[in-house]
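Asks: Could you put the whole structure together from the sequences, leaning on the hints where they help?
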Amino acid sequence: MKNIRRLWQDVNYLQLVDRSEQSLAKLLGIVLLVVLVAGTVQLMSVVVVAVLQPDTPWLGSKMNAVLGDLLTLLIAVEVLQNVTSYLRRHVVQIELVLLTAMTAVARKVIVLPPGAENKPQLLGGLGIAVLALAAAFWLVRSVNIRQPPARTGPAIRS
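Mapping to the working numbering: the sequence shown position 19 is 19, numbers consecutive.
Mixed in with the good hints there might be a few duds.
What the hints assert, rightly or not - The calculated SDA-like cross-link candidates involving lysine to any residue, where the alpha carbons are at most 20 Å apart (straight line), are:
id: 1; residue 1: Lys119; residue 2: Asn64
id: 2; residue 1: Lys26; residue 2: Lys62
id: 3; residue 1: Lys108; residue 2: Leu131
id: 4; residue 1: Lys26; residue 2: Val83
id: 5; residue 1: Lys26; residue 2: Asp10
id: 6; residue 1: Lys108; residue 2: Leu67
id: 7; residue 1: Lys62; residue 2: Leu43
id: 8; residue 1: Lys62; residue 2: Gln42
id: 9; residue 1: Lys62; residue 2: Pro113
id: 10; residue 1: Lys108; residue 2: Val130
id: 11; residue 1: Lys62; residue 2: Ala116
id: 12; residue 1: Lys26; residue 2: Ile75
id: 13; residue 1: Lys62; residue 2: Ile110
id: 14; residue 1: Lys108; residue 2: Gly124
id: 15; residue 1: Lys62; residue 2: Lys108
id: 16; residue 1: Lys108; residue 2: Pro120
id: 17; residue 1: Lys62; residue 2: Val48
id: 18; residue 1: Lys62; residue 2: Arg107
id: 19; residue 1: Lys108; residue 2: Met63
id: 20; residue 1: Lys26; residue 2: Val91
id: 21; residue 1: Lys26; residue 2: Leu14
id: 22; residue 1: Lys108; residue 2: Val97
id: 23; residue 1: Lys26; residue 2: Leu87
id: 24; residue 1: Lys108; residue 2: Val77
id: 25; residue 1: Lys62; residue 2: Leu74
id: 26; residue 1: Lys108; residue 2: Gln93
Hints were generated in silico from the structure; no laboratory data involved.
Replies: Set out below in structure tokens:
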């Protein structure tokens, strides 16, 4: 019973939370790395097979599909950078998160399916998302230029 009470003391509890966060971030990083390698191998095989077939129509839906997959892998790389950055500095870098979100919206815009121009709500929503993310990035960037970023770390170093 004493051990359980000791665990709930502020210092011990914060150490447990910090260690758990780091362990989960490492595990997520490994899972993401495996997914990235598998996705890259699959994308490369799709491209090689398509290139070896002379009748592959590259200027249609095939290029959109390859670009979509490529940008999805790029977004996954950026998410992995977010995780590794968190592990290095013990702080979520909001600029990196916003850039990842902007890449995701850009991917959506680039691979819009045919007929998307007939969906004004979708186009308006994407436009608002682009403006909001750009404004948030500008705001965070301008604040970071004026003042150095706060140095934070684990609550309790062990």
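Asks: Does each hint hold? Answer for all of them.
Replies: A quick look at each hint next to the structure:
no., hint, verdict
1, Lys119 <-> Asn64, "19 Å, holds"
2, Lys26 <-> Lys62, "35 Å, violated"
3, Lys108 <-> Leu131, "15 Å, holds"
4, Lys26 <-> Val83, "8 Å, holds"
5, Lys26 <-> Asp10, "24 Å, violated"
6, Lys108 <-> Leu67, "11 Å, holds"
7, Lys62 <-> Leu43, "12 Å, holds"
8, Lys62 <-> Gln42, "15 Å, holds"
9, Lys62 <-> Pro113, "12 Å, holds"
10, Lys108 <-> Val130, "11 Å, holds"
11, Lys62 <-> Ala116, "17 Å, holds"
12, Lys26 <-> Ile75, "18 Å, holds"
13, Lys62 <-> Ile110, "13 Å, holds"
14, Lys108 <-> Gly124, "13 Å, holds"
15, Lys62 <-> Lys108, "16 Å, holds"
16, Lys108 <-> Pro120, "15 Å, holds"
17, Lys62 <-> Val48, "13 Å, holds"
18, Lys62 <-> Arg107, "15 Å, holds"
19, Lys108 <-> Met63, "14 Å, holds"
20, Lys26 <-> Val91, "14 Å, holds"
21, Lys26 <-> Leu14, "18 Å, holds"
22, Lys108 <-> Val97, "17 Å, holds"
23, Lys26 <-> Leu87, "8 Å, holds"
24, Lys108 <-> Val77, "17 Å, holds"
25, Lys62 <-> Leu74, "18 Å, holds"
26, Lys108 <-> Gln93, "23 Å, violated"
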